[in-house]
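Trainee: Sequence:
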Amino acid sequence: MKVGIVGAGAVGGFFGGQLQKAGHDVTFLARGQHLKAMQENGLLIHANEQTMKIESEFTNELSRLSEAELILFCVKSMDTEETAHQLLPIVKQDAYILTLQNGVENEEILSNVFGKERVFSSATYIQASLQEPGVIKQAGPFHLEIGELCTSSVGMAKQVAELLNASGIRTKHSSEIMENKWKKYIWNATFNPLSAALGVNVGEILDNEDLRLIAERMCKEVIKVAQKHGIQVHDSLQESLFMQTQQIARGHKTSMLQDRINGKKMELESISGYVVRKGKELDVPVPTSETIYHILKHIETANKPLPYAESVL
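Heads up: the sequence shown at position 246 corresponds to 348 in our numbering, and the numbers run straight through without jumps.
Bear in mind the hints are in silico, worked out from the structure with no lab data behind them. Certain hints may be false.
As the list claims (entries may be wrong) - In silico lysine-lysine, DSBU-like type, Cα no more than 35 Å apart, as pairs:
1. Lys239 / Lys104
2. Lys285 / Lys326
3. Lys326 / Lys399
4. Lys399 / Lys155
5. Lys218 / Lys274
6. Lys194 / Lys322
7. Lys367 / Lys382
8. Lys123 / Lys366
9. Lys285 / Lys260
10. Lys155 / Lys355
11. Lys239 / Lys355
12. Lys326 / Lys366
13. Lys260 / Lys286
14. Lys239 / Lys382
15. Lys138 / Lys155
16. Lys326 / Lys104
17. Lys239 / Lys286
18. Lys322 / Lys104
19. Lys178 / Lys218
20. Lys260 / Lys194
21. Lys123 / Lys326
22. Lys399 / Lys104
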């Protein structure tokens with residue numbers, strides 16, 4: 103299958119590499135020093151003590167995706183709408199779009215552009231980071247849950263799940279994908295903002311009594327927003343999320359923390375700002391989440407890097 107990776111950073115690059123390795127024709131869309139490094143040396147992926155070198159087409163030209171049958175949409179959420187509108191006149195009318203992005207708003211944006219029947223959502227579980235331009239590091243297990251946004255696309259969603267499984271990407275089809283996506287968002291809206299604000303990884307939050315308390319309060323707030331929004335989640339999700347995180351993601355640097363370390367724009371509005379806005383809309387107080395959100399707004403506006411962190415990009 104011809105596959106286009108729109109936003110071939112850590113997540114998009116890793117999954118694109120898996121598909122290329124499995125024999126699919128993959129085009130990677132990227133920019134900057136990362137693109138230059140891949141064009142000169144290929145894409146290196148270090149995963150669980152193995153190294154894989156990907157030789158493929160690396161480009162910054164959307165027009166190179168005109169023959170793609172499947173698009174993995176991996177850009178930062180703040181770039182979703184602009185990128186989608188640029189892509190619309192280029193891709194085939196029967197191409198499908200699978201978003202691997204954070205947040206719970208991208209599906210609506212993509213559906214408005216491409217049509218709901220062509221868009222699939224996913225809950226993406228992976229620890230991956232860009233070590234340096236052209237080099238991705240992935241650690242631990244990874245898997246996807248994907249699903250359709252309308253019933254007419256169930257069959258194709260299952261076919262995409264089968265394709266991913268056959269390519270070495272453990273994938274489960276779900277007809278309740280947005281419920282599952284919200285559960286992932288609850289984790290993101292807890293650990294991403296706090297880690298980025300404080301410059302710590304997930305394990306440091308869990309090990310510190312004060313930071314863990316803040317994280318627990320944030321998580322409970324997001325759960326209340328989800329419940330008021332109509333998502334079927336129980337209060338006990340907070341405890342189970344923390345237990346799972348303790349077991350498998352202690353050393354994880356969240357995507358917002360990685361962005362702050364590297365001086366990149368964080369997905370502040372789609373991860374942290376969304377729960378604040380949705381809380382106000384639904385009349386659900388989120389005081390802890392709102393405080394961290396405003397701290398991050400100041401950090402980003404003032405362009406305050408982490409003083410001890412070394413950028414790799």
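Trainee: Hints first: check each against the structure and report whether it holds.
Mentor: Hints versus structure:
1. Lys239 / Lys104: It holds: about 25 Å lies between the C-alpha atoms, which stays within 35 Å.
2. Lys285 / Lys326: Status holds; Cα separation ~12 Å.
3. Lys326 / Lys399: holds (23 Å)
4. Lys399 / Lys155: violated (38 Å)
5. Lys218 / Lys274: Roughly 20 Å separates the two Cα atoms, so the pair holds.
6. Lys194 / Lys322: violated (43 Å)
7. Lys367 / Lys382: Measuring from Cα to Cα gives roughly 25 Å; hence the hint holds.
8. Lys123 / Lys366: Since the Cα atoms of lysine 123 and lysine 366 sit roughly 30 Å apart, the hinted pair holds (cutoff 35 Å).
9. Lys285 / Lys260: With Cα atoms ~21 Å apart, lysine 285 and lysine 260 stay inside 35 Å; holds.
10. Lys155 / Lys355: holds (24 Å)
11. Lys239 / Lys355: OK: lysine 239 and lysine 355 at ~12 Å, within 35 Å.
12. Lys326 / Lys366: Since the Cα atoms of lysine 326 and lysine 366 sit roughly 31 Å apart, the hinted pair holds (cutoff 35 Å).
13. Lys260 / Lys286: Distance ~21 Å between lysine 260 and lysine 286 Cα, so the pair holds.
14. Lys239 / Lys382: violated (38 Å)
15. Lys138 / Lys155: Holds - the C-alpha atoms of lysine 155 and lysine 138 are around 15 Å apart, at most 35 Å.
16. Lys326 / Lys104: violated (42 Å)
17. Lys239 / Lys286: Within the cut-off at roughly 21 Å; holds.
18. Lys322 / Lys104: Roughly 42 Å between the alpha carbons, so the hint for lysine 322 and lysine 104 is violated.
19. Lys178 / Lys218: holds (20 Å)
20. Lys260 / Lys194: At roughly 20 Å apart (the allowed maximum being 35 Å), lysine 194 and lysine 260 satisfy the hint.
21. Lys123 / Lys326: violated (42 Å)
22. Lys399 / Lys104: violated (40 Å)
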